[in-house]
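A.B. asks: So you can see what is in the structure, the chains are spelled out below.
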Amino acid sequence: METLELKNLYDDFRDGETIKAYAKIIAEDAAELERPINIMEVCGGHTHTIMKFGLPQLMPENINFIHGPGCPVCIMPKERIDHAYVLAMQPDVILVTLGDMIKVPGSNGSLQDARSKGADVRFVYSPMECLKIAEENPDKTVIFFAIGFETTTPMTAVLLDQVIKQKVPNILFHINHVTVPEVMKELIDSRDIHVDSYNNKIDAFLGPSHVSVISGAKIYEAFPRDYGRPVVVSGFEPVDVMEGISMIVKQFVEKRCELEVQYKRVVTYEGNLNSQKLMNTYFDKVSLFRWRGLGNVPDSGLKLKEAFADYDAEVVYKDVLPIAEIEDHKLCICGDILRGMAKPPECTIFGTACKPTTPIGSCMVSSEGACAAYYKYGNLI
Amino acid sequence: MCLSIPSKVVRISEDKTMCTVDTMGVQRDANLMMMDDDDVKVGDYVLLHIGFVMNKIDEEEALASIDTYKEILELMDEEQRRQTILDDDNCAERGSI
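Protein chains in written order, with the UniProt record's numbering: chain R, 1 to 381; chain L, 1 to 97.
Derived from the structure by calculation, the hints contain no laboratory data. There's no promise every hint is true.
Said to hold, decoys possible - Rough simulated footprint, nothing fancy, chain L against chain R, three-plus residues with beta-carbon under 8 Å:
#, region
1, 10 to 22
2, 210 to 216
3, 227 to 239
4, 337 to 349
Just so you know, even glycine gets a beta-carbon here, dropped at the ideal spot from N, CA and C.
Turn these sequences into a full structure, and let the hints steer you where they fit.
C.D. replies: Here you go:
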């Protein structure tokens, strides 16, 4: 009997011949489409794969990728980065965060700048490293600046769970977790000047897969049912993405509008119930969370429940945290890019004033941002 | 932030909160607290994210995906073969020979 080996998972899901074979199937099916279709990949991980493997080049003319707001670093508004900066500059604080967050400029500078001014800012691979940092620094307060979608929220919940169980006295949380279905609804629902264009732009979604590993495919039910947008939850490997696109195109050809899962090897309909329980124990929805470039999105953010206010840095440091909202740079079109209204090269400062080494907009800061992906793999466009 | 590199579980701690996984020959520790007790066993393939096991990789589904890809390739080969024969039949130069 054939058994699964790591080699299968690495090689086969990146196999060039398979990718080309899928491209052929997609082209054949797309020839039957009555109109071009725009597929939004919501997740920055998908954007990265699509650009890295040059998938747009393999698409027929009537299949177009548009890039969504699925990069947790890209969507962080400046005022939240300013919170992190102010917290980092407090005496006896160690500010801990994940990923590229450390490079994103706020209005006073980035966390990297705070570090150069003497603040103790640390980047960790896993939130659980906070426990060790707190233990090694009993006289300091460790503040975990928590970012990410449903994918990383349960990790923050596990950390808080351990902080409470182990009675760790010196870890606080600054919560910036956001949720995917709400922002997807916003992209279709928005009732501002863009509304007509949106409704013409997004025809289908390539569903974020790691979010669905946690929350289950069920969170996308409303999109085919209420919004007429098919969703196919796909994995991150290039073959997965190609199969996901093929499944979307087939739905249009066969005039179906459904929620389907391509990434069945990890995603279930119900998701990771244990993680969902943990999240429900510690988090509540916030009525409005301001997304960088997108503005306020109803019910799209999370906060610690009131019962855990003692662990909430936003409560503990309330008096020093700025409350002003800060507008984006006027030449930056990250907002339009995150809404699928524009592509990075359409921005006047793309690749000139705004580069990965000197990012002005957040889509350029994170390696998962659409601008950074276009910049890095630009020769493939 | 999204990496989808699969890993094989090679050891589980006594209290079942941590495991050691092998990812492309590199061993590292991962947290099991997002999973229910006894959900993950040694030999299972898992998906990791920022130091946590997010879920198991369903072996049957993974193999089924790989089989689907192989089927497509085989079909494509067949299609290519068919196309070659058709092209040959339709060869414009044939009549001139």
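A.B. asks: Evaluate each hint against the coordinates.
C.D. replies: Now for the hints, and whether the structure bears them out:
no.: 1; hint: 10 to 22; result: holds (count 8)
no.: 2; hint: 210 to 216; result: holds (count 3)
no.: 3; hint: 227 to 239; result: holds (count 4)
no.: 4; hint: 337 to 349; result: violated (count 0)
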